[in-house]
Amino acid sequence: MPFNVLVLTCLAYVAFLFLVAFVVERRASRGEMRFLRSPLVYTLSLSIYCTAWTFYGAVGSAARTGLEFLTIYLGPTLVFVGWWWVLRKLLRIGRRQRVTSIADLISSRYGKSNLLGVLVTVIAVVAATPYIALQLQSVTLSFSVFAQSSPETWAMPDRDATAIWVAAGLALFTILFGTRNLDAKEQHHGIVMAIAVEAVVKLVALLAVGIFVVWGLGGGPVAMITRIENYTDPNWAIQPGRWGGLIFLSAAAVITLPRMFQVLVVENVEEGHLARASWAFPTYLFLISLFILPIAMIGLERMPAGANPDMMVLTLPLHEGQGGLALLAFLGGFSSATSMVIVETIALATMVSNHILMPAWLWLRPQAAVSGDLRGAILLARRFSIIGVLALGLEYFRLSGGSAALAAIGQIAFAGMAQVLPALLGGIFWRGGTKLGASLGLSIGFATWGFTLFLPSFGAGGVISAEVLQHGLFNLQWLRPQALFGSEGMDPLIHSIFWSLALNIAGYAAGSLLSFPDPVERIQGAAFVNAFDDELQAERLGWTHGQAEPEALMNMAQRILGDEAAISFFEAEARAQGKAGFLPDLTPRFLAELERNLAGSVGAATAHAMISQLFGRATVTVEDLMAVATEAAQIMEYSARLEEQQGELSRTARQLREVNEKLTQLSVQKDAFLSQISHELRTPMTSIRAFSEILAEGDLPSPRVAEYGQIIHAEAKRLTRLLDDLLDLSVLENGTVQLDLGLAHLGQMIDRALAAASQTRPERNFDIQRDYASEEIHLRTDADRLVQVFINLISNARKYCDSTAPILRIAVRQKGGRVVVDFIDNGAGIAKDAQGLIFEKFARLTDDARVGGAGLGLAICREIMANLGGTVSYLPGQRGAAFRVSVPLRMEKSG
Amino acid sequence: MRQVLLIEDEANIAEALRFILSRDGWAVSVVSDGARALADVVRIRPDLVILDSMLPGMSGLEILLALRADPANAALPILMLTAKGQLRDREAAERAGVTAFMSKPFDNSEIRAKVRELLGA
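So the sequence lines, in the order shown, correspond to chains A and B.
In this text, residue positions in the first sequence follow numbering that gives the first Met the number 0: the first is 0, and each later residue adds one.
In this text, residue positions in the second sequence follow numbering that gives the first Met the number 0: the first is 0, and each later residue adds one.
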């Protein structure tokens with residue numbers, strides 16, 4: 000088998016893969032996706048689980064430890080057959096949350112914490128770098144195997160140079176098909192198809208080698224089985240602890256490995272495909288593991304001692320002179336390595352660019368977030384990430400010398416990524432999981448894994464000194480990397496898995512229980528844990544994955560912009576693109592224009608989120624949703640403010656109306672009052688004028704002169720009294736009255752009032768009933784004003800009490816801080832309908848001109864009492880007229 | 000002798016008017032509230048009614064309306080006196096059919112001339 004044929008075949012194979020990817024991408028971009036949307040392609044793409052480690056390493060592992068290699072297949076088989084519902088939930092969440100990677104999922108679940116995104120990314124990169132190196136190693140190894148066996152005089156290719164060429168080729172492929180789409184879609188149809196093809200190639204290759212070995216070399220299955228049964232090797236004994244650990248590890252890995260997450264969740268086009276995969280993928284694993292043991296068996300028998308068992312798939316056919324088969328086997332191994340590296344690189348590049356490069360770039364250049372050339376930046380970041388990840392793998396390969404057994408590196412990577420499992424499962428099944436818990440668990444698990452497995456894998460004196468390995472960190476025995484807390488004698492791998500995951504889970508649980516999730520975390524936690532409950536809502540929204548129909552956008556635009564505006568906008572855009580009708584191509588320019596249009600109606604964040612949802616080109620992040628919420632809140636606040644203003648306006652209007660009514664009322668009252676005053680002034684004036692004219696004529700008999708003079712005098716006095724009352728009332732009503740506060744004896748005040756009031760109708764003989772003991776109260780008040788009120792009330796009784804044996808009872812009571820004085824006569828009292836009027840000005844009820852007064856007395860009393868901090872009121876229900884004066888015991892000067 | 004019925008509740012004003020109108024030779028009877036006044040109009044059949052606008056019980060305007068409601072009094076001259084001096088009252092009185100209107104206080108000669116005029120002397 001000439002080496003140049005191998006190289007040419009290899010190049011042709013790569014060219015074929017390029018072609019496949021290219022054609023598929025072309026068709027996908029034209030929307031012809033049907034053949035891609037098959038569960039078969041999905042299942043085959045899942046086979047990137049089987050890397051070069053599986054392809055070559057499984058045989059090596061079988062040669063060394065017998066059936067142990069099976070554990071690596073049993074884990075995924077159990078997950079797909081028994082735990083498919085976990086995967087289904089992951090798929091649902093991945094689609095609903097537009098998850099781009101496992102780092103994105105974790106960060107999104109725990110409140111879109113970028114710290115967690117960075118943490119998971121770092122774990123993934125650290126764990127995957129040796130793994131990628133492993134693939135490069137397997138390719139270079141297989142090349143050198145061929146070179147050695149080549150009969151021609153080809154120079155042994157430089158190991159490093161081969162690795163560099165392979166890495167460069169993979170980088171080119173990954174960049175071409177992994178970052179082809181300018182709008183950075185999450186899905187890579189070309190690559191998925193290419194790895195599906197590669198999956199077929201590696202299965203066919205391994206089966207072909209197996210069939211050749213069993214029937215060509217081993218003499219059929221029966222002979223093969225006998226041979227295996229007769230083989231005794233102490234290393235082939237099954238170690239139950241290690242088996243359990245490895246099965247668990249591979250089960251965790253199939254969920255958490257970045258490349259598995261990429262094909263399983265991110266590249267998934269239809270959730271239903273999982274149903275097929277749940278039996279088809281285990282079948283694939285079964286087939287690919289079917290001939291491992293026979294190949295190892297025959298290899299051990301036929302190959303010279305010291306041959307690398309990891310290369311037996313390749314070396315055995317070569318050894319047997321089967322060049323063509325060896326070439327097929329080589330292509331199988333090449334496929335395993337390249338497909339793994341490509342997908343792993345894409346997955347890691349997505350994480351690195353999304354969680355490390357872009358945030359850093361946006362932090363350095365915050366204005367870039369608004370300037371709009373973000374897509375170019377994202378693409379550039381992805382490309383640099385791809386090159387960076389591959390460069391890391393290459394560097395690890397060069398440094399590690401490519402000596403470690405393939406299987407061991409794979410297990411280390413598995414154990415590293417398994418650290419994500421607690422946060423992942425906790426995140427989708429336990430709402431109590433918090434950011435702090437996840438960060439704590441991940442960091443502790445990662446550190447423990449690094450200390451107990453990853454760093455020691457470089458060998459004693461590598462990164463960790465032999466001293467530390469022997470005596471523990473800081474010379475603490477319980478901190479020995481491979482005997483943590485004194486757990487000696489454990490298998491190093493199991494030891495590391497046990498301690499890292501135990502501490503990880505403990506940290507996660509403790510951190511979650513001890514902290515409270517913030518609002519975004521709570522929203523996300525509910526969305527993740529109840530991924531299936533919200534199904535109806537999601538379906539109602541009609542989100543499609545990965546692409547949008549122009550009609551859907553049109554529909555949305557119509558709902559937001561209105562029919563006419565939406566149609567004319569779409570028509571104009573279609574015309575600008577040179578298309579007839581009203582459905583333009585979904586170019587970035589058109590989408591940006593549409594978003595701007597929608598933003599005018601619903602706000603920028605909402606518009607962006609809506610188009611993103613329909614177009615499916617970018618993740619709708621929690622930030623987007625929060626921005627939508629903020630926008631909605633702003634709109635609500637604005638409308639609330641408008642409402643408030645409107646309320647204020649109507650309140651003001653009502654107040655104005657009330658004031659206006661009051662003014663009108665006051666104006667009417669003022670007119671009535673002026674009219675009353677006019678009457679009260681003109682009436683005495685009329686008498687005075689008429690009689691003074693009569694007197695001026697001078698021909699009256701003198702008794703008449705005296706009589707008329709008397710009338711003039713009385714009417715003049717009446718006028719004076721009226722003017723006094725008016726002035727008094729005015730002063731009291733304006734509150735400008737000067738109060739003369741002092742201590743006064745209630746009994747003496749009543750004495751004074753009685754004496755003064757006796758001037759009114761002095762001819763009447765009143766029986767005054769008093770309880771002098773109760774009057775022994777000293778009030779702090781304006782005594783003159785209070786006496787004025789008493790005089791008024793007593794005079795009214797003297798004027799109006801119609802009893803023939805008039806009695807006036809004066810009752811005093813002290814109640815709390817108030818003194819109540821009642822004046823009750825035994826007359827007819829005041830009619831019920833008049834009781835409300837008596838305190839109004841000019842409310843003189845009788846026509847009895849003899850009683851004098853203009854009807855201002857009680858109005859003045861009311862104003863005086865208001866000034867004294869008390870009240871005067873009519874007391875209904877007594878036999879006669881009854882008035883109650885209530886006055887504070889101690890009046891304080893106020894204002 | 001021509002009869003003048005004076006409806007006025009202010010005793011002093013009533014006395015002043017009674018004095019000056021009697022001196023001019025008119026027979027003056029005085030009544031101080033509306034209900035009795037209406038009865039007196041029927042009883043006395045006055046040739047002139049002098050009516051105060053502010054009266055207890057029944058207002059001057061109400062008495063005026065009641066008088067004019069009786070066709071027998073359609074031609075009866077009625078002189079209304081008011082102390083309120085508001086235009087509105089005057090207009091209301093005119094609509095109700097008052098013959099003449101005069102504000103308080105008044106000149107004695109003025110009211111004497113007005114009474115002479117209304118009695119057609």
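Certain hints may be false.
What the hints assert, rightly or not - Once the Cα atoms are required to be at most 25 angstroms apart in a straight line, the calculated SDA-like pairs of lysine to any residue come out as:
id, chain 1, residue 1, chain 2, residue 2
1, A, Lys669, B, Ala13
2, A, Lys831, B, Ala95
3, A, Lys669, B, Leu86
4, A, Lys831, B, Ser58
5, A, Lys716, B, Ala13
6, B, Lys113, A, Asp698
7, B, Lys113, A, Lys716
8, A, Lys716, A, Ser757
9, A, Lys669, B, Gly56
The set of hints was computed from the structure by calculation and includes no laboratory data.
Going through the hints against the structure:
Pair hint lysine 669 of chain A plus alanine 13 of chain B does not hold up; C-alpha atoms about 29 angstroms apart against a cutoff of 25 angstroms. Annotation: proposed proximity of lysine 831 of chain A to alanine 95 of chain B is violated, straight-line Cα distance about 33 angstroms (limit 25 angstroms). The straight-line distance between the Cα atoms of lysine 669 of chain A and leucine 86 of chain B is roughly 16 angstroms, inside the 25 angstroms bound, and the hint therefore holds. In summary, the hint linking lysine 831 of chain A to serine 58 of chain B is supported, as the alpha carbons are separated by about 22 angstroms, within the 25 angstroms threshold.
With a C-alpha separation of about 19 angstroms, the suggested pair lysine 716 of chain A and alanine 13 of chain B falls inside the 25 angstroms cut-off, and the hint holds. The suggested pairing of lysine 113 of chain B with aspartate 698 of chain A holds, with an alpha-carbon distance near 23 angstroms, which does not exceed 25 angstroms. Of the pairs offered as hints, the one joining lysine 113 of chain B and lysine 716 of chain A is violated, with about 30 angstroms between alpha carbons and a cut-off of 25 angstroms exceeded. Between lysine 716 of chain A and serine 757 of chain A, the direct Cα distance comes to roughly 19 angstroms. Compliance with the 25 angstroms bound is thereby established for this hinted pair.
At roughly 24 angstroms between alpha-carbon atoms, lysine 669 of chain A and glycine 56 of chain B fall within 25 angstroms of each other, so this suggested pair holds.
Comparing the model with each numbered hint stated earlier shows that hints 1, 2, 7 do not hold.
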